[in-house]
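Visitor: With the hints as extra help, turn the sequences into a complete structure.
Same order as they appear, the protein sequences are chains A and B.
For the first sequence, the residue numbers in this note's numbering are 1 to 283.
For the second sequence, the residue numbers in this note's numbering are 1 to 261.
These are calculated hints, taken from the structure and not from any lab test.
It cannot be assumed that every hint is accurate.
Interface residues of chain B toward chain A, partial, derived using beta-carbon atoms under 8 Å [as the list claims (entries may be wrong)]:
no.	residue
1	Ala128
2	Gln137
3	Leu200
4	Pro217
5	Gly231
6	Pro234
7	Phe239
For every residue, glycine included, the Cβ atom is placed at its ideal position computed from N, Cα and C.
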Amino acid sequence: MPIDDQAMRSLVEESEDLQVDALRDARQMNEELRDVGAARAGRPVDVDEAEAYALGRRKLLKAGGLGMGVLASSGLLATGWGQRVAAIVQAPAQAGVPVDIQIFQTASSLENLAVATYGAALQLPFIQENAVVKTFAETTMRQHAEHGAAFNAQTVSLGGARQDGTNPKYTPIVEAAKPTLTDAVAVAKLAATLEEVAADTYLANLSLLSDGNKRLLMGSVLGVETQHLATLRAVIALIEGGAPQLVAIPTDLAALPAAAGSVSFPAPFEEPQMASPPEEGAL
Amino acid sequence: MSNDPIQDAESQDVELSDAQPETGGFARRSAMAAAAGGVAAAAAALFAGTRSGARPTVTAAGDTPAAPAARPAPVAVPAPALQAAPTEADLMIANLAAGLEILAVNTYGAALSAAGSGALGAVPPAVAEFVTVAQQQHQAALDAWNGVLTAAGKPAVSAPPSELEASVNAQFGQVTNAGGAAQLALMLEQVAADTYLGALSKLSSPAAINLAGSIYPIDRQHISVLLFALGMYPVPEVFGTTKMAYSGSGGMTAAMVPPTR
Chain A
1 MPIDDQAMRS LVEESEDLQV DALRDARQMN EELRDVGAAR AGRPVDVDEA EAYALGRRKL
61 LKAGGLGMGV LASSGLLATG WGQRVAAIVQ APAQAGVPVD IQIFQTASSL ENLAVATYGA
121 ALQLPFIQEN AVVKTFAETT MRQHAEHGAA FNAQTVSLGG ARQDGTNPKY TPIVEAAKPT
181 LTDAVAVAKL AATLEEVAAD TYLANLSLLS DGNKRLLMGS VLGVETQHLA TLRAVIALIE
241 GGAPQLVAIP TDLAALPAAA GSVSFPAPFE EPQMASPPEE GAL
Chain B
1 MSNDPIQDAE SQDVELSDAQ PETGGFARRS AMAAAAGGVA AAAAALFAGT RSGARPTVTA
61 AGDTPAAPAA RPAPVAVPAP ALQAAPTEAD LMIANLAAGL EILAVNTYGA ALSAAGSGAL
121 GAVPPAVAEF VTVAQQQHQA ALDAWNGVLT AAGKPAVSAP PSELEASVNA QFGQVTNAGG
181 AAQLALMLEQ VAADTYLGAL SKLSSPAAIN LAGSIYPIDR QHISVLLFAL GMYPVPEVFG
241 TTKMAYSGSG GMTAAMVPPT R
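Guide: Pasting the structure below:
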């Protein structure tokens, strides 16, 4: 696969510069939020908050049954992976733990699983052999690690316990899928599903969180996860379309098929169809 | 009230926070429920978070999102909670968002016209496809926001922010090829995405938050495709930022240039 190593290194360096800037912003945000967290720590369960959460969750169910439509339309529902996802049902919110803390703990669990999954993918020989895919997996794994750290910092700021484990619902699904990861497309599809679960979860969380600063953090991560998803969709389409050589930077723009211009964003609105409930990864 | 909708929204947030639960909650009344028919109904449904899993369908630039053809069977839950009506501050942000969407629709339209006339030289098929679909999606977002405004008794927005439009037009005048058009599109998408992210922290009603939150990721995805088309890494940032957010008062929080070089 063609790749300009020097150009790629330069791009990654630029990315790392931007990461430093973004992390500085995130640290500043966390410092501002720490005061809010201190004010909320030890607060008894807010009945209105719990009611708002419950109503929001029912809306999620009503909106599409947590991704069944997506799984069915993509053909994944017929696969073992799809059936395992379909088997996930929501449980009631844990009593006594503020919803904000549950949300951030679950978010951390999803980020931890993403880190572990990309880490496992990087051990596969066909990932190591593809410089572009390998760079994407390494960079994305680092970004997920930063997301998890930010969510954990927020959890601690709110008086909750760090979530250093992987998501309990999706971890066994990923483990079951590992033997089927025999090529780059299979890995990309697994990663895309995890990215979509994370993005949809964070989207659903936006209106459940209790204030704007928390939404800002959640939204800032949501945007990046959807970019990971967009990139993976393009990679899958190009490889499945018989043009793996076009998964390359610098981009051969003239050679890209027309569909490459839109395959990454199939709808004008993102919907939280695959959202995990706040308590799924809560401690 | 200043000339800055975001600033005004912030000040209204403070006032509202004294009168409402911290959660922002789900109020028991809804002005949105009264909306019916055409764009207003489709947009109101979006805004109220009652999309029933059906995405609006946009068939061509300028078309409005179609109402879902079929709704799933009702779910056995207690009486549905009615969404809180958007606050005045929310509507100011909706107004700002609609203006930005118009600018995007118009700019992509101008790019399509220029490409059609040959003014941009050879346009790769993926670029033409991107511009066509991105324009449709921004039109859908515009229709959604205008539906929200009209459902709340406000006039629909029909023009972009004038000073931003002038700046974009000036830059578009210097575009001579598809790469230049992509660079300009990248800047516009970055402004839109950063503005939506900033708005997420300012909006009050859950429905307004959900709508902004559902549009923001799409703009981020547009950014990734444009970065790739321009030969750059598609996900360069660890966290989304508001550095290029448009304030609505004639300026942005940062210079109007893509941050990705």
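Visitor: Now tell me if each hint is right for this structure.
Guide: Hint-by-hint comparison with the structure:
1. Ala128: holds (7 Å)
2. Gln137: Check passed: Cβ of B/Gln137 comes within 4 Å of chain A, closer than 8 Å.
3. Leu200: With a minimum Cβ separation of about 4 Å from chain A (threshold 8 Å), the hint on B/Leu200 holds.
4. Pro217: holds (4 Å)
5. Gly231: At about 4 Å, which falls below the 8 Å cut-off, the nearest Cβ of chain A leaves the hint on B/Gly231 intact, so it holds.
6. Pro234: Holds, about 5 Å.
7. Phe239: With Cβ-Cβ at 4 Å, under 8 Å, it holds.
Checked against the numbered hints above, the structure breaks none of them.
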